[in-house]
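Asks: Sequence:
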Amino acid sequence: MSSEEATELKNNVKFASFHLLSFILRDSSQKTKLREQAALCLGSLANGDSDFYSTRVLNKFLNIIKLQKDAVINIAIGNAFAMAINSESSSESSKEKYLKEYLKILIKLADDPNPHSRESVSVWLLSIVKNCSNYACFKDVRIYIQIAFTSLLADNSEFVQDVSSRGLGLLFSMADKKTQDNLANDLLNQMIGGKRSVNLVDMDTTLFPEGMLGKTPTGGNITTYKELCSLASDLNKPDLVYQFMQLANNNATWTSKLGAAFGLQSLSIEDKSKLEPYMRTIVPRCLLLGHYERNFRNITFNEWRIRIACCLAVRDLLKRKDGLKLRVDTENTISKDVPEPELKDLWFKLFRVMDDVHEGTRLAAKGTTELLGKLCSQTCSSDNRRRTQAVVKTIIPFILETGITHIVPEIRQISIKTLTEIINTSESLIVPQLKNIVPALLIAAGELESSQLSYLSTRLEADSDAQETVDTLRAESIKNHKISIHLGSSMQFLVGRYLKVCLTGINDRNPTIRKYFAKSIGNLIGIAKDASIKNLFTKFQEIYFENPHKGIPAAIFEINNKHPELLKDYFENILPLIFFAIHEEVSEETKSTVEMWKQLWDDISPGDAGISSNLNQILELITKNIVSEKWDVRVQSGAAINTIFMKLNHTIDKELRLTLINYILNAIHGRLFKSKDVFLKALVSASFGIRNTDEISKTIMEAVMNECKRKDIQYKTKAIEACGKIAEELEVDAWEEFFGLVSSILDSTDFQSLNASEETVCISLGRCWPKKSVGTQNKFQFQFLQKCEQCIVNSTRQVQIACLIALSKFTERIHVFDKNYDPTLNEYNLEKTDKINLMRNISTKILEIVSNSVSINNTSIKQECLTVLKSWLNRVLEEHNKSLIKVGDFKVELTNILKNLQKDNSPSLVYNVEQFENNLITNGFWINKYFKSSCKNSEEPVDVQNATYLALGQLARSCPAVFNQDLKIVLSYFNNLKIANPELHGPIKDTLISIAPSFACKTSATNFVLSPQLNLLLAMLRDNVESDNLIVLNATREFLTICFPEYFPESRYLLLIIAGKRNSIYETILFSLYGSTTKDHINYSSLTSKDSTENDSESKICLPSFNDMVNYVSEVIQKYSYSKDEKKSKVIPFNSTTFEE
1 MSSEEATELK NNVKFASFHL LSFILRDSSQ KTKLREQAAL CLGSLANGDS DFYSTRVLNK
61 FLNIIKLQKD AVINIAIGNA FAMAINSESS SESSKEKYLK EYLKILIKLA DDPNPHSRES
121 VSVWLLSIVK NCSNYACFKD VRIYIQIAFT SLLADNSEFV QDVSSRGLGL LFSMADKKTQ
181 DNLANDLLNQ MIGGKRSVNL VDMDTTLFPE GMLGKTPTGG NITTYKELCS LASDLNKPDL
241 VYQFMQLANN NATWTSKLGA AFGLQSLSIE DKSKLEPYMR TIVPRCLLLG HYERNFRNIT
301 FNEWRIRIAC CLAVRDLLKR KDGLKLRVDT ENTISKDVPE PELKDLWFKL FRVMDDVHEG
361 TRLAAKGTTE LLGKLCSQTC SSDNRRRTQA VVKTIIPFIL ETGITHIVPE IRQISIKTLT
421 EIINTSESLI VPQLKNIVPA LLIAAGELES SQLSYLSTRL EADSDAQETV DTLRAESIKN
481 HKISIHLGSS MQFLVGRYLK VCLTGINDRN PTIRKYFAKS IGNLIGIAKD ASIKNLFTKF
541 QEIYFENPHK GIPAAIFEIN NKHPELLKDY FENILPLIFF AIHEEVSEET KSTVEMWKQL
601 WDDISPGDAG ISSNLNQILE LITKNIVSEK WDVRVQSGAA INTIFMKLNH TIDKELRLTL
661 INYILNAIHG RLFKSKDVFL KALVSASFGI RNTDEISKTI MEAVMNECKR KDIQYKTKAI
721 EACGKIAEEL EVDAWEEFFG LVSSILDSTD FQSLNASEET VCISLGRCWP KKSVGTQNKF
781 QFQFLQKCEQ CIVNSTRQVQ IACLIALSKF TERIHVFDKN YDPTLNEYNL EKTDKINLMR
841 NISTKILEIV SNSVSINNTS IKQECLTVLK SWLNRVLEEH NKSLIKVGDF KVELTNILKN
901 LQKDNSPSLV YNVEQFENNL ITNGFWINKY FKSSCKNSEE PVDVQNATYL ALGQLARSCP
961 AVFNQDLKIV LSYFNNLKIA NPELHGPIKD TLISIAPSFA CKTSATNFVL SPQLNLLLAM
1021 LRDNVESDNL IVLNATREFL TICFPEYFPE SRYLLLIIAG KRNSIYETIL FSLYGSTTKD
1081 HINYSSLTSK DSTENDSESK ICLPSFNDMV NYVSEVIQKY SYSKDEKKSK VIPFNSTTFE
1141 E
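Counting from 1, position 51 in the sequence shown corresponds to residue 51 in full-length UniProt numbering; the numbering is continuous, with no gaps.
No lab work stands behind these hints, which were simulated from the structure alone.
The model shown is predicted, which means the values in this text are computed figures rather than measured ones.
Where a beta carbon is used, it is the ideal one built from N, C-alpha and C, also for glycine.
Accuracy of the hints is not assured; some may be wrong.
[To be verified] DSSO-like mimics (lysine-lysine), calculated; alpha carbons at most 27 angstroms apart, straight line:
hint	residue 1	residue 2
1	Lys624	Lys568
2	Lys178	Lys139
3	Lys519	Lys598
4	Lys139	Lys104
5	Lys100	Lys69
6	Lys66	Lys108
7	Lys374	Lys393
8	Lys674	Lys598
9	Lys139	Lys97
10	Lys891	Lys968
11	Lys417	Lys321
12	Lys899	Lys845
13	Lys33	Lys14
14	Lys139	Lys108
15	Lys899	Lys882
16	Lys417	Lys374
17	Lys319	Lys393
18	Lys647	Lys624
19	Lys989	Lys1002
20	Lys845	Lys771
21	Lys674	Lys711
22	Lys539	Lys591
23	Lys886	Lys772
24	Lys870	Lys772
25	Lys33	Lys66
26	Lys104	Lys177
27	Lys771	Lys835
28	Lys819	Lys891
29	Lys500	Lys529
30	Lys698	Lys711
31	Lys69	Lys130
[Claimed, not checked] Have a look at the derived ranges for each label pair, beta carbon to beta carbon:
hint	residue 1	residue 2	range
32	Glu401	Glu572	42 to 48 angstroms
33	Asn841	Ser883	17 to 23 angstroms
34	Pro439	Val408	17 to 23 angstroms
35	Cys137	Thr32	32 to 38 angstroms
36	Ser613	Ser883	56 to 62 angstroms
37	Lys177	Lys321	38 to 44 angstroms
Take the sequences, apply the hints, and build the full model.
Replies: Next up, the structure:
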């Protein structure tokens, strides 16, 4: 700063502002908006003092031209530059002077190597053209400005190119025709040849934009000439400099062409009509440079910019309406091999460019290829079959051969996607190509698989679960590549072949392969022909019996998921196999498979109806395999037969039943094999419904008896169990033979090893105990009881329970308790014991076994003991046995048994014991106990006796049958009533009244005959009538009223006698005599008799005198023949002694 300026700065605020604004503009740390305003303020300072400030402001701007990087600031400086030249205080000559001087400087700077300088120059020149074109001197320098703009069109920066093109546009609009022609020709030459002026290169000249060539190994930039030389030196390759320079020159050429195109665009915007003569030259070049190329041969040009341009040009052309032009649209005859050679060639070239080394080229080609694939699939989905056929025939072979197996992942993805879309849209026209498509897709799927997953699956071969997980991931990863075909109904002819291939897959040892082949079958069968479906199900059976893997149920499961209605139409083809398969023996290996079969049966089958409706097909499958060489298949057949008998037993006809039984018998006969007991179970099920008179029943028993002779203890146990069930069902007498077979097991001392067998033997002995064979029972009944007692003493809990179960069946079936049993016909009854004693002996033995068993502290054993007691009590209480044997005869045994049963804490057992006790009470078992507490010699306290009488009264009301068995109780209570403590009179009378209904006569008047028991009761009541005890008379009255009907004269007679003895009960007697026949019109309260002392007889109705009534009743009794056989019977005089006897 000069001394003059320093003084000016001190004295002039405006000058100080100039320096401050210059500082702000130069400081890049300031905000852009602030610097922008500072530039505009500097341009305004020239107003009013242009001679001083215009030069200084313009120089300040030139000083920072190489430092300025911000386009916004450059625009602001450009406007300020024009403002400084156009200062209002300057004269026209001064303005033109400034314009010429600084334009010359700026035009020279247009070729400056510094990119920031060139950017500033382009913007400032554009501002000058806009704001200073009105000066006369502008026309002289316009050609130089045009040259500068043209030079800047070749700049690497698109911003500089755009600004320069705008400047050229303005200049074009200002020029005359000759100048315009020259400008257009220059731009065309530059665009066509890439001509540009040669720039001198120094060490700091920027040849490439930052980042274009990446970084040096040390992280430095590679942009300037100096940096390129340093990199070549470090790599020890001096020739690398020349290669970089050639690349830089090529880059400059292309930027020059691009800039020329920008310039032409600006010219067309300014005045399109003036460029009309040049269109024939401009348009073809613009099609190439602006990314449109009609001829696609340059799409693989050796320069990447041309390749990108061609790719983008093709893409834009394809985007037009009807962009995909085909020969088939214009030509009538086309090649049969490749209908659209240009289309194939385009795919081929795009694939080549997608494999380019230049990333931008690859991306451009990828976008164009994706669009082309989309257009091809859209063409295949149209109604024009001719176009579709041409595209399919042209593209599919090429994609299968080249695309889906290409080494470039992007090419494979586009190929597979396009192929899938074409397949799904072209419908039947794709059919001729399917024979090539499917194998190619399968090969591609293998090539697309991850090598790491494949290696991991091989390493995990020992761990099947882990390997299956990895294989599932492998399959799912392939699915993500969209390799899929949706077959339509028009492709049925191929489905049969594909199903055949899938059948091989579901038999693979790898579970994942089986799974996905099963899914394929589920998808394919929906469009398969009827014959193909039936053939598939037939193949299922063949494969199943060859190797019953999980693949078959998985395939049927997928079919049911995808097409559940289809299976209903083919029940007869598939249901027999499912039914047979659910009977496969379950093991660790087959568990999941059998569960899948059972789930299928539950989902598909309608239950038992499914078996019956397809029985013929099921039996055909069973009969074919029951003689199989594979023992497990035989066993499976036996299990299936067992299920048939269990589900359809009552609906199977006799002929079919015999046929199946013969199959079972043939399978049972012969050597022992694993799970042979399944046939024993089937034989048991088959026996239900067979009568013992059928000839086959004998054959069945012989077969099962032979199986009981096997040495294998486990199988022998199963055979013994089956024998017991069959003998029980057929009701045959096989006990003696069976007992001979199993007695050795019961006599064995090695209970530890034979425990299971002994338990089964005991239960089967009970089942085999004959229901109808009296002779066998007579021979073995005590031996049976002896064996039961022996087993209970020496065996385990399970065997003890089994013995009690057998004893229960023995008790239910023993013929000794039958009504028609005749002990004289028992040849084994050597002691000639009568029936009663036989019943007592057997009952005693049964109760003895039960008594020994209840002492064992085990609830289950006690439950079975109670079951035996109930069976025994039911037999004893049968009507024909009541007069032969009494429950009370076994009071001691029953008391001990029940005492032990009551010690158990099981709620269910306690409840059942209470019910059994009530049954005993109902049948009079506990009456003697109560009776002892209430007899006249009882030493119990009065309150105890009182409670006893009340309990007996309640019992009489609840269980009247307990008392009508024994008149001793009634006689004893009447005697007690005569001599007992007066405090007990009421309870005794109430008890007697409660007992009375249990003796009531229930016969009608027409058939009235007194039973011997009622005759004895009437004799006792006659004796009581003679008593003077009012309570005894009242109780007698109750018995006469309740126990005898009103049409029985003798009871009425005795009532009259009682009425005559005591006036206090006279009214009560009248009610007893007439209460049940009262009439509504009679006032019974006004009735009296001639014996009454009442004087007002007029107000009373007089009845006959007592003597008259007694005489009348006596006469009736003499005439009434209610006991016609009395003269033939021995007359028993009534007295207490006689009654006791």
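Asks: Run through the hints listed earlier and report the numbers of any the structure violates, in increasing order.
Replies: none
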